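Asker: Letter by letter, the chains look like this.
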Amino acid sequence: MVSQKTTVNNASGLHARPASELAKVCTQCNSDITIVVGEKRINPKSILILMSAAIRSGTEIVVECNGATEKEDLEAVINAIDGGLGE
Amino acid sequence: MLAINVERTTSRGIAIGRAFLLEKPQLKKVFDTISEQEIPTQIKRYEEAVTCAELELGKLAETNEIFGAHLEMVKDIALYQGVVEKIRAGRQCAEAALDATAAEFLFIFESMEDEYMRERASDIRDVSHRLMCLLQGVKHNPFEGMTGEVILIARDLTPSDTVALDLTHIKGFITQEGGITSHVSILAKGLGLPALVGVEEILSMVKQDDMVIMDAHAGSIILQPEEDILKQYHDKIEEQRKHQEALAQLKSLPAVTRDGKTVQLCANVGGIKDIKKALEYGMDGIGLFRSEFLYMDNSHFPTEEEQLLVYKEAAQLCSGEITIRTLDIGGDKALSYYEFEVEENPFLGWRAIRISLELKEVFKTQLRAILRASAYGEVRIMFPMIISLEELYDAKEVLEECKKELQQENIDYNKAIEVGMMIETPASILLVEDFAREVDFFSIGTNDLTQYLLAVDRGNKKISHLYNSFHPAVIRSIKRVIDAGHQNSIKVGMCGEFAGDENAVKLLLGMGLDEFSMSASVLLNVKEILRSLSYEEAKEIAERACQMQTSSQIYAVLGIHR
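Heads up: the protein sequence lines correspond to chains A and B, in order. Just so we're aligned, residue 5 is where the first sequence starts under our numbering, counting upward by one. Just so we're aligned, residue 4 is where the second sequence starts under our numbering, counting upward by one.
Calculated from the structure, these hints are not laboratory results. From a predicted model like this one, the values you see are computed outputs, not experimental measurements.
Covered by chain A, according to a simulated footprint, are these stretches of chain B (three or more residues, beta-carbon under 8 Å): (1) 72 to 82; (2) 109 to 115.
No more than 27 Å apart at the CA atoms, straight line, and that leaves these computed lysine-lysine pairs for DSS-like: (3) B/Lys-315 <-> B/Lys-406; (4) B/Lys-418 <-> B/Lys-315; (5) B/Lys-315 <-> B/Lys-254; (6) B/Lys-279 <-> B/Lys-254; (7) A/Lys-28 <-> B/Lys-62; (8) B/Lys-315 <-> B/Lys-494; (9) A/Lys-28 <-> B/Lys-47; (10) B/Lys-264 <-> B/Lys-482; (11) B/Lys-239 <-> B/Lys-254; (12) B/Lys-279 <-> B/Lys-315; (13) B/Lys-78 <-> A/Lys-44; (14) B/Lys-210 <-> B/Lys-465; (15) A/Lys-75 <-> B/Lys-78; (16) B/Lys-363 <-> B/Lys-407; (17) B/Lys-78 <-> A/Lys-28.
DEER-style ranges, computed between Cβ atoms: (18) A/Lys-28 <-> B/Ala-337: 31 to 37 Å; (19) A/Val-6 <-> B/Ala-92: 32 to 38 Å; (20) A/Val-6 <-> B/Ala-337: 48 to 54 Å; (21) B/Asn-413 <-> A/Gly-88: 27 to 33 Å; (22) B/Asp-159 <-> A/Lys-9: 54 to 60 Å; (23) A/Gly-88 <-> B/Gly-195: 42 to 48 Å; (24) B/Asn-417 <-> A/Lys-9: 48 to 54 Å.
The C-beta atom is built at its ideal place from N, Cα and C for all residues, glycine as well.
Throw the hints in and build the complete structure from the sequences for me.
Answerer: If you want it as structure tokens, here you go:
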């Protein structure tokens with residue numbers, strides 16, 4: 005398993021549009037992915053779960069990937085988040 | 004062949020088409036428990052519904068991004084897992100499993116702090132409704148599958164129904180319920196399409212795909228007409244088209260009487276599309292910009308920027324004045340993302356300015372957007388449903404607050420922006436002389452005014468014959484408003500249906516109305532009449548009409564045959 009810390013920078017947090025973008029990126033990955041926010045562990049392949057977590061701008065999160073392509077997948081997810089998720 | 008007569012109509016035009024009966028989906032509540040053998044079947048049913056929903060939404064998403072988000076939700080892994088888990092472990096059928104899973108998500112979203120996220124609950128509800136419809140084999144969008152030219156026939160149409168209407172196929176509207184000022188009437192008028200409402204028993208007389216002729220002006224409907232009748236009506240449509248062409252010649256001519264009195268002919272609009280259409284009819288400005296569509300056709304309270312974009316485009320499109328009425332919801336217009344308490348008497352309830360003054364942030368957002376748009380055109384602000392000077396003072400105070408904020412933020416707006424109010428409550432008539440000193444203009448909303456003055460529900464078919472703007476109480480009220488306005492040197496307009504009523508043009512002209520604002524589709528008809536009238540003559544007739552004691556006497560003075 006690999007993991008990396010990052011910060012959500014979208015102005016209004018993970019609202020519908022960025023959440024949908026993140027879910028899309030994660031769904032394309034073969035690894036099992038978990039996002040750790042505080043004490044919560046959530047599955048970012050689900051837009052509903054992502055939105056339910058109500059992650060605000062400036063929140064620090066940890067992305068964990070587990071699987072054969074975990075390194076590439078982690079990089080893809082981190083790049084997407086740092087790149088503003090289409091916003 | 005079957006002919007039906009409809010007594011009251013304010014619409015005009017003839018349309019021919021196949022009947023399209025609007026049936027609202029009736030969803031059954033299913034809570035069956037299933038046996039172990041049925042588990043794979045139920046999962047498969049759900050998966051098939053998801054596949055179909057993906058197809059539907061994929062198409063819709065191409066033109067509307069809200070459906071893009073719905074597409075993601077319908078494919079959502081957590082939703083899928085929740086449903087499958089409930090089918091497997093809970094032994095529930097697919098419908099019950101979906102219902103329970105959606106309810107879990109709804110609970111999470113509805114209890115969230117962030118207002119925007121709370122509003123996403125309505126998306127989940129819509130997605131789960133779509134899946135439920137597919138599971139039960141009913142159409143999610145009842146308007147899907149319309150082809151050719153159709154006459155839409157329904158029990159009634161709600162404002163949210165009309166958002167989903169496919170107008171490329173619809174040539175006319177017939178509803179079993181509703182009065183002549185119901186939503187469908189107003190909608191049809193705006194589109195220039197004929198409508199007949201309150202047609203009793205129509206749903207039991209017509210079958211899907213029957214050939215239908217409707218003549219809204221004459222108030223007749225012919226079902227399954229014979230060939231020669233059909234031909235007669237096709238000829239009439241042709242005649243109508245020619246009259247329209249003749250009217251088109253009037254577009255660039257001013258609205259001036261034979262003896263040189265000019266009035267403003269403006270359009271009532273409910274969006275940018277309407278403005279573009281109104282421009283084709285050569286209007287002098289927008290007398291009523293209904294801002295409701297911004298709120299109703301949306302998944303959240305529109306932000307300042309979202310509103311500004313629309314108001315700015317409207318102001319730039321329009322060469323003359325553009326009067327934006329602040330949010331007028333409640334009553335029969337609701338919002339999908341805001342829960343209104345059920346009221347016994349919505350028309351006497353929490354609506355329009357009452358909502359704005361209570362939801363102050365929502366009100367300020369709108370006022371700031373309107374003010375900012377005033378930098379781009381002749382924008383005016385109009386408050387609806389005012390009953391007291393306190394309300395007017397409060398509304399103006401919020402406006403001042405917004406102006407101050409914008410000034411501090413160095414954002415441009417028209418410092419001399421005109422502020423006016425609708426006259427549509429009996430209280431505003433009785434206080435009209437006082438109001439006239441506090442505003443820059445009046446606009447008489449005859450639909451609500453008639454309903455409130457006469458205590459006649461305009462949607463109630465049983466008493467629709469009592470709803471009459473030619474009632475002496477209404478006529479004298481209009482006169483009083485115009486006089487009070489002119490004594491204080493402010494302009495008086497009218498934006499109710501009455502302003503576009505051909506029978507009322509002479510009367511209103513004679514009473515001194517400065518601005519007639521109406522559905523763009525009737526604007527040229529009114530202009531044609533105005534240009535044939537003499538102001539001096541109209542004044543005398545109006546004076547006599549105001550002294551009459553009954554509607555029939557008023558009809559007689561105006562030479563109207565009823």
